[in-house]
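J.: Each chain is listed here by its residues.
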Amino acid sequence: MEVTLKYIAELTHGTVEGDDHVLIKGINSLFLAEKGEISFFSDPRLKDQVSITKASAIIVKKAISFYQGPQLIVADPSLTYAKVAAIFSPPIPRFPGISEKSIIGEGTRIGKGVSIYPLVYVGRESKIGNQVTLFPGVYIGDRVTVGKGTVIYPNVTIMSDCIIGKEVIVHAGTVIGSDGFGFTRDGERNVKIPQTGIVQIEDEVEIGAQNAIDRAALGKTVIKRGVKTDNLVQIGHNVVIDENTIIVAQVGIAGSTKIGKNVTIGGQVGIVDHIEIGDRVMIGSKSGVIKSIPADQVVSGIPTMPHRLWLKTRSHIRRLHEYSERLKELEDKVKELEEQLKRG
Amino acid sequence: MEVTLKYIAELTHGTVEGDDHVLIKGINSLFLAEKGEISFFSDPRLKDQVSITKASAIIVKKAISFYQGPQLIVADPSLTYAKVAAIFSPPIPRFPGISEKSIIGEGTRIGKGVSIYPLVYVGRESKIGNQVTLFPGVYIGDRVTVGKGTVIYPNVTIMSDCIIGKEVIVHAGTVIGSDGFGFTRDGERNVKIPQTGIVQIEDEVEIGAQNAIDRAALGKTVIKRGVKTDNLVQIGHNVVIDENTIIVAQVGIAGSTKIGKNVTIGGQVGIVDHIEIGDRVMIGSKSGVIKSIPADQVVSGIPTMPHRLWLKTRSHIRRLHEYSERLKELEDKVKELEEQLKRG
Amino acid sequence: MEVTLKYIAELTHGTVEGDDHVLIKGINSLFLAEKGEISFFSDPRLKDQVSITKASAIIVKKAISFYQGPQLIVADPSLTYAKVAAIFSPPIPRFPGISEKSIIGEGTRIGKGVSIYPLVYVGRESKIGNQVTLFPGVYIGDRVTVGKGTVIYPNVTIMSDCIIGKEVIVHAGTVIGSDGFGFTRDGERNVKIPQTGIVQIEDEVEIGAQNAIDRAALGKTVIKRGVKTDNLVQIGHNVVIDENTIIVAQVGIAGSTKIGKNVTIGGQVGIVDHIEIGDRVMIGSKSGVIKSIPADQVVSGIPTMPHRLWLKTRSHIRRLHEYSERLKELEDKVKELEEQLKRG
Chain A
1 MEVTLKYIAE LTHGTVEGDD HVLIKGINSL FLAEKGEISF FSDPRLKDQV SITKASAIIV
61 KKAISFYQGP QLIVADPSLT YAKVAAIFSP PIPRFPGISE KSIIGEGTRI GKGVSIYPLV
121 YVGRESKIGN QVTLFPGVYI GDRVTVGKGT VIYPNVTIMS DCIIGKEVIV HAGTVIGSDG
181 FGFTRDGERN VKIPQTGIVQ IEDEVEIGAQ NAIDRAALGK TVIKRGVKTD NLVQIGHNVV
241 IDENTIIVAQ VGIAGSTKIG KNVTIGGQVG IVDHIEIGDR VMIGSKSGVI KSIPADQVVS
301 GIPTMPHRLW LKTRSHIRRL HEYSERLKEL EDKVKELEEQ LKRG
Chain B
1001 MEVTLKYIAE LTHGTVEGDD HVLIKGINSL FLAEKGEISF FSDPRLKDQV SITKASAIIV
1061 KKAISFYQGP QLIVADPSLT YAKVAAIFSP PIPRFPGISE KSIIGEGTRI GKGVSIYPLV
1121 YVGRESKIGN QVTLFPGVYI GDRVTVGKGT VIYPNVTIMS DCIIGKEVIV HAGTVIGSDG
1181 FGFTRDGERN VKIPQTGIVQ IEDEVEIGAQ NAIDRAALGK TVIKRGVKTD NLVQIGHNVV
1241 IDENTIIVAQ VGIAGSTKIG KNVTIGGQVG IVDHIEIGDR VMIGSKSGVI KSIPADQVVS
1301 GIPTMPHRLW LKTRSHIRRL HEYSERLKEL EDKVKELEEQ LKRG
Chain C
2001 MEVTLKYIAE LTHGTVEGDD HVLIKGINSL FLAEKGEISF FSDPRLKDQV SITKASAIIV
2061 KKAISFYQGP QLIVADPSLT YAKVAAIFSP PIPRFPGISE KSIIGEGTRI GKGVSIYPLV
2121 YVGRESKIGN QVTLFPGVYI GDRVTVGKGT VIYPNVTIMS DCIIGKEVIV HAGTVIGSDG
2181 FGFTRDGERN VKIPQTGIVQ IEDEVEIGAQ NAIDRAALGK TVIKRGVKTD NLVQIGHNVV
2241 IDENTIIVAQ VGIAGSTKIG KNVTIGGQVG IVDHIEIGDR VMIGSKSGVI KSIPADQVVS
2301 GIPTMPHRLW LKTRSHIRRL HEYSERLKEL EDKVKELEEQ LKRG
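Chains as they are written, first to last, in our numbering: chain A, 1 to 344; chain B, 1001 to 1344; chain C, 2001 to 2344.
I should point out that these hints are in silico values taken from the structure, not numbers from a laboratory. It cannot be assumed that every hint is accurate.
Stated by the list, open to error - Below 25 Å or equal to it, Euclidean Cα-Cα: the simulated SDA-like pairs (lysine to any residue) are:
| # | chain 1 | residue 1 | chain 2 | residue 2 |
| --- | --- | --- | --- | --- |
| 1 | C | LYS2054 | C | VAL2003 |
| 2 | B | LYS1312 | C | LYS2328 |
| 3 | B | LYS1335 | A | GLU339 |
Unchecked claim - Ranges of calculated distance between the beta carbons of each label pair, as one might list FRET restraints:
| # | chain 1 | residue 1 | chain 2 | residue 2 | range |
| --- | --- | --- | --- | --- | --- |
| 4 | A | SER89 | B | ILE1290 | 41 to 49 Å |
| 5 | C | GLU2188 | A | SER65 | 30 to 38 Å |
| 6 | C | ARG2308 | B | ASP1273 | 16 to 24 Å |
| 7 | A | ALA75 | B | HIS1274 | 52 to 60 Å |
To be verified - Chain B stretches covered by chain C per the calculated footprint, using a threshold of three residues with CB under 8 Å from any CB of chain C:
| # | region |
| --- | --- |
| 8 | 1139-1148 |
| 9 | 1188-1194 |
| 10 | 1224-1237 |
| 11 | 1297-1308 |
Glycine included, every Cβ here is placed at the ideal spot set by N, Cα and C.
Pulled out of the complex, with its shape left as it was, chain A reads as follows:
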């Protein structure tokens, strides 16, 4: 694939300074780019790399004087990078049609243009939409719906009755629809509470590798449109995650908690059950969230506090030993003062 810089400029609503007929066949970092590739400059620390890059053109927010080749000037270099990389990124490899080494259960309906690899298992009465791709080792239970254009990577498990939307991506090894963690005591025994609900994943969601997303006890666990999760994320039963929220790796969200729209949850955060996180909240990495958070807050810490307060607090934590000594010293001094005064 080779396109002109002009073509890229039109696609990204940018303007070119310099020759827009130059041919581009890939995108790469300043350091790695070869002749024929386009690169990008936005981090001032990489200024030196601009002078030595072999890239045939670069993407910038403002024209720069220290690069001789053609420059593509755009409002949002990061978004432009995503769009340009998409031109050159190799398409996902697809098995042509339905492998005869896959197993498709009775009553399951399969759309057009699907790619079902060998060693895939699909249960009964499921619906696999048009253009879906199922990689080897994928298990799809009974009565599952998978929407148009969705890609499910190897060794993913989707348990019965779950609903997966259109243009969803599920990365390798993830489990969707395992039983929620529900037990009640009968004397010393733990008695299982049947988990009879489902997981519903809406359109354009991307689920990372090795996630565990539990089915509801009753009703639905819901991941709404455009949510993106990183790897090794745990989502408990009956959780609802609203649109376009971002969840970084190793986060755990306990049962029945509701997460708003456009929320950002940092890595290794834990969120307790039955609370609500408002829209656009940002939660710093490794935080422990123990109560609901109103919209638009930025929080961090265990337990969470306003992020600005946490920035101050954490610098004090490491000074606790010093503070304890200063406290002791003051106590001695005050005692001495009291005695002086008593003595008159």
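Following the hints, position chains B and C against chain A.
T.: Quick look at chains B and C alone, frame taken from chain A:
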């Protein structure tokens, strides 16, 4: 499936106020319940939902005046819910017999009434008990024992020589019997310490999705009767977990640690190696346990402290900036007092 | 397998006190060892077990008076244990040749002496080296290289174009080469940044169960020679981990971070993106690393501080309630002193 309320009352040792001939075909939350379903009321915050529920009967601990339909009065509504939900929850789907698209190694003995799906692999000289269910993508190594009635969900790996008890449930994607993390140094190189032990999982254990339970270096890693683990739990080599203990998601337990009976371990807790946690200990979410804990303690924090102390402590953490300023102020005042006194 | 103690002494460069003709057929702990097995003594707390052990010989650093049998005296008992255990540990079971129930893509080249189990999928134009073992449920994408002698356990996923070195071990359920977590905003939508790089894993690396190792956005995520990871570890895109580093379970390393050689990272540690951890750094369990760490530091805490400071700090955290009360008391006393002085 449809049963009378009378039938349910007998099963749960409850008493009915109102018509016990009403037919029940399912269980649901107050909000979601339809005519013909039973619901349950115990959380006072849901009182308003009682007045609008369409449920044909409800489970309560004490009779309530603000509901018109028949009420099932029971000593333990939560346990009753579990039992009633079990009546209506759909049975686990079972492949009839042993799929000819599964692979069963030489010398492996298979019990009666098993369900072995396509794409299952069982190694040599293993024993698969009566009524066992193995879902697609399950790998069972050589000389493994799987007890009667056990269900192993898709894409689970059970390595050689491990022993799985009766009526065990293992959720999708879990790995049992991977090598423990044991290395020793030879200069700069890490030399592997062979992990020649096994994992033994006793009867009625339920293991969540995506767990990693390592085999012992020597001897056994043991998960005793009735233990329940949530998703993404890490259990190191030679760990012993005693009966009926509950382990919430993303917990990590390091090698050779012993966990008592009826312990509750909150989400994302980390527990160091070679310590002992006593019976009935409760460990709050996200805690870091660095030493043994005697029986019956309730602890939280990093590192753990008595839970009551943690509740106080955590409210002070967020005030550290204020405290540091008050400390500085006091120092100034004391200095001023000292100087006043010196001046006389 | 049965060898003389003399044979073991030669292999481990040790010296024997007592009869070196005794035959040894296994290794076990003092408590579990039977006649014919060798054991080891280094932890003084286990002295009592020496007197009751049935072991036919023991490994020690210095000769001990309270054991009657032959003793193997070695410079490094731990390393000796690893070597002796390796003699007796059962070989990894291998399918003979390439199962006709595996799927091998066009153009893939397979070396000599490989063991490819049933239910393995290998894509197109990959290279599988001599003596490689691929267990059931393994997925290898297109254009992947797997080096000589490497063992890949069940249900592992290795996505296209990744490079796996020689004598590598990958434990069950792990995912290598999933997309890095890269998105940029277009208004409220999250736009995927294509992840077109690879993962490269060098020789003699061991990757635990259930890891997630993301491919680079551009270029490579690199795990260098001799690195060992425990279970459930998350490694973000473009991370580089240098030789012989040890990463304990449930660690998360965010994108583009560089980890030095011989680093030790404790369980459940989180490390932010785009920083550098120097050679031989040791990071305590559950730490949160938010900035680069120079070589040879030992750190702990959230955020990290020197480990010695953390040891002091953590004992102060639990005394915060007491300190706050002492602070209040001092304020009262100082106020009283000020008033006394004012009154004259």
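J.: Decide, hint by hint, whether the structure agrees.
T.: Status of the hints after comparison with the structure:
no., hint, result
1, C:LYS2054 / C:VAL2003, "holds, 18 Å"
2, B:LYS1312 / C:LYS2328, "holds, 16 Å"
3, B:LYS1335 / A:GLU339, "holds, 16 Å"
4, A:SER89 / B:ILE1290: 41 to 49 Å, "holds, 46 Å"
5, C:GLU2188 / A:SER65: 30 to 38 Å, "holds, 36 Å"
6, C:ARG2308 / B:ASP1273: 16 to 24 Å, "holds, 21 Å"
7, A:ALA75 / B:HIS1274: 52 to 60 Å, "holds, 58 Å"
8, 1139-1148, "holds (count 3)"
9, 1188-1194, "holds (count 7)"
10, 1224-1237, "holds (count 3)"
11, 1297-1308, "holds (count 4)"
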